Amino acid sequence: MTIAFDAMPPLHAPRKLKMATVSLAGCFGCHMSFLDIDERLLKLLDRVEFDRSPLTDIKSISRCDIGFVEGGLCNAENVQVLREFRANCKTLVAVGACATNGGLPAQRNQLDIGRILRDVYCTQTSSGANQIPNDPELPLPLNQVHPIHEVVHVDYFLPGCPPSADAIWTFFNDLIAGRTPHLGHGLMRYD
Amino acid sequence: MPQIETEQASSSSSESLQRVIAAYAASPFALVQILREAQLLRGWLPREVLAEIARALGLTSAHVQGVAGFYRFFHTRPVGAYRLLFSNNITDRMLGNEALMRDLCRRLGITRGKVRADGRVSVTTASCTGMCDQGPALLVNHQYIVTRLNPGRIEHIAALIEAQVPPSQWPPEWSRVDDQIRLTDVKLGTQPSPGEALAAAIARGRQGMLDDLKRSKLRGRGGAGYATATKWQLCRDSPGDAHYVVCNADEGEPGTFKDRVLLTSYADGVIEGMTIGAWVVGARHGLIYLRGEYRYLLEHLQRVLQRRREHKLLGAAIHGQADFDFDIEIHIGAGSYVCGEESALIESLEGKRGTPRIRPPFPVQRGYLGQPTTVNNVETFSAVTHIAMHGGEWWSKIGTPQSTGTKIHSISGDCERPGIYEYPFGTRIGRILEDCGARDTQAVQVGGPSGVCLSAFEFNRRVGFEDVPTAGAFMVFDRSRDMFTVARNFAHFFAHESCGFCTPCRVGTKLVVRRMEKLQRGDGSAADVQVLFELDKLMHGTTHCGLGAAACNPLRDTISKFRPAYERHLKSLHFVPGFDLDAELSQARLVTGRDDSGAHLENME
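Residue numbers (the working numbering), protein chains in the order written: chain C, 1277 to 1467; chain D, 6 to 610.
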């Protein structure tokens, strides 16, 4: 007896992967570039379900397969969110220049953050109460801006400022299909 | 070549500078030599001096500054009347150089790397100065060697500096450099009298000598093991206006000091080998690239050259051969490991930054000044002399089929009798360890940091291109040593010596150091070890030259053979940051006056 495999429906449709995205000390440019995959987003949604993300407005993360992190770490909240991402994501991807190297926000690393705060809030020209905000609701800035790999283990880096939509598409397609992502010449760029 | 060497800073320094420039006929190709001698005038190279040199040589200021900025022994800022460099090879470390340097810094009231306020002295480290068997070693003003440092000498040195006694008047026994030849074979044994081997070579004729060299199957002693006869033939057959023979005496691989001994006590044999090379390839000019750390050998080598000129073994019509004119110049390096790579060495000879060239064309086609050039190791030339004496057939019977002849090893580290040992190729590592009195050995680094690290289970392997190739370093580590510390020292060495030309090496070596330092601080995890592995893979595939590719060799060897030494440094099972996260909020806490729970970050371990 032969069985016509072709005629049989798959026993299990592949499980949708759960993916979370966040922008830490970034400009949301990487997320905008992500949206630039345009109609391919629909194809992606066949394979992926979004957890915490600006796209869903879900505020807390649960167990995920893939974490997409834009931006570096400039304050205490960034660190806590990153740690939650690491604790919940099997695969964590640093997306863009800021997550990878600190990027533009890290330009303040040459200066003393205490002095910056005083200069901004406590000088003649500054507006307001002439006092550095100290509401416990506000996250405190770190002395230095750090790339995320200095605080948690990062599985993959997707450089670019921002990475192009094609680079993001190729990268996550590889990842979802189970291939080690490989951006060839042209897609791999740092600007 | 005239050598103008004066230590006094005089008001007529411009005049002295002009004399230096004139001594080298204002040749842009002599830039490195001119900079070296110009620096002697004031102890450093002020901008206006560089500008004057640029004008005189017809170069741009940017070019001259670029060259001056490349070499470790050139200073574009004052470094003090006394520049003290502690050799920082792992063998110096094992002999306690760190404590000695701290002690000296304390006595002089300075911090490492900074010039004292009165501008008199600065202290820092340098890569291996080639005194591993008689360290810890010190290099003073890039010219004076102090071997066998001990607390007594450090105390005395500090007093001499305070009393402003010039290094040339320090106790002469301090700069005693011993050959420490422990075991000799054909190369270090009976020497032919000067000219004897050359006469034998000339008697065979140019082609006959080359054929004999082919029969000997001699391979280069610098590490790569290229067939010497093939190199010479390719050089000879390359068309050019002139051919050059270059002796690579830039013995920079940490733990190697055999060339120092050959140049000290067997210089005639080396120079005779160069002369035979010139006879074979048809060269009229030869160059010895002497590493800056061996500057103290210059006068000795000049005397040997002069004596050979007087005996008509150099100069015009050597040995009465009307068509055989050959003479040798000595070029002194300025503290750059990468210049040991032959194309970087040629760049340096031409007065440029020591950046390796893209090959092909190979130096045998277009080398020094674009002309066919053969660059050979000191020991290779020494071997040629003996082959000329006794014949290629004789040489080929020594050693193994693919590695003929003998190899000189520079043995240092944990053994009773460090020094120079000559063995035929094919000698077992274990045998060498027994001979040098090594006990309880856990590892041997053969061929220096870019070579191979062997663990005890490999001591039956044999030295030779078939199994364990080597450029001559043999550093022994007993079981009391932490192999992670050894690898960390080598990582610092490569980061220090990267020429900076290509990103994978310039940045990669730094990333390795940072990761090793993270482990050292106790902030490491298995993830960090994995990153080191990946960096090794990346650098092996992407660096511009072989030195960058080899930079991770000690890392890879020690991780695979001494992994527990790394794991001992791991604090956490999970990745942890290499810094105190809570302290990262200190400035903001200070200016906001906050101390609530939100104003702190837990350091998770």
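Since the hints were derived computationally from the structure, they do not count as laboratory data.
Some hints here could point you the wrong way.
[Stated by the list, open to error] Straight-line Cα separation of at most 27 Å, BS3-like style, residue types lysine-lysine; simulated pairs:
| id | chain 1 | residue 1 | chain 2 | residue 2 |
| --- | --- | --- | --- | --- |
| 1 | D | K542 | D | K566 |
| 2 | D | K576 | D | K357 |
| 3 | C | K1366 | D | K542 |
| 4 | D | K119 | D | K523 |
| 5 | D | K523 | C | K1366 |
| 6 | D | K576 | C | K1366 |
| 7 | D | K542 | D | K523 |
| 8 | C | K1319 | C | K1292 |
| 9 | C | K1294 | C | K1335 |
All of these numbers come straight from a predicted model, not from anything done at the bench.
Hint by hint, work out which the structure violates, then give me just those numbers in ascending order.
-> The structure conflicts with hint 2 only, although it agrees with all the remaining ones.
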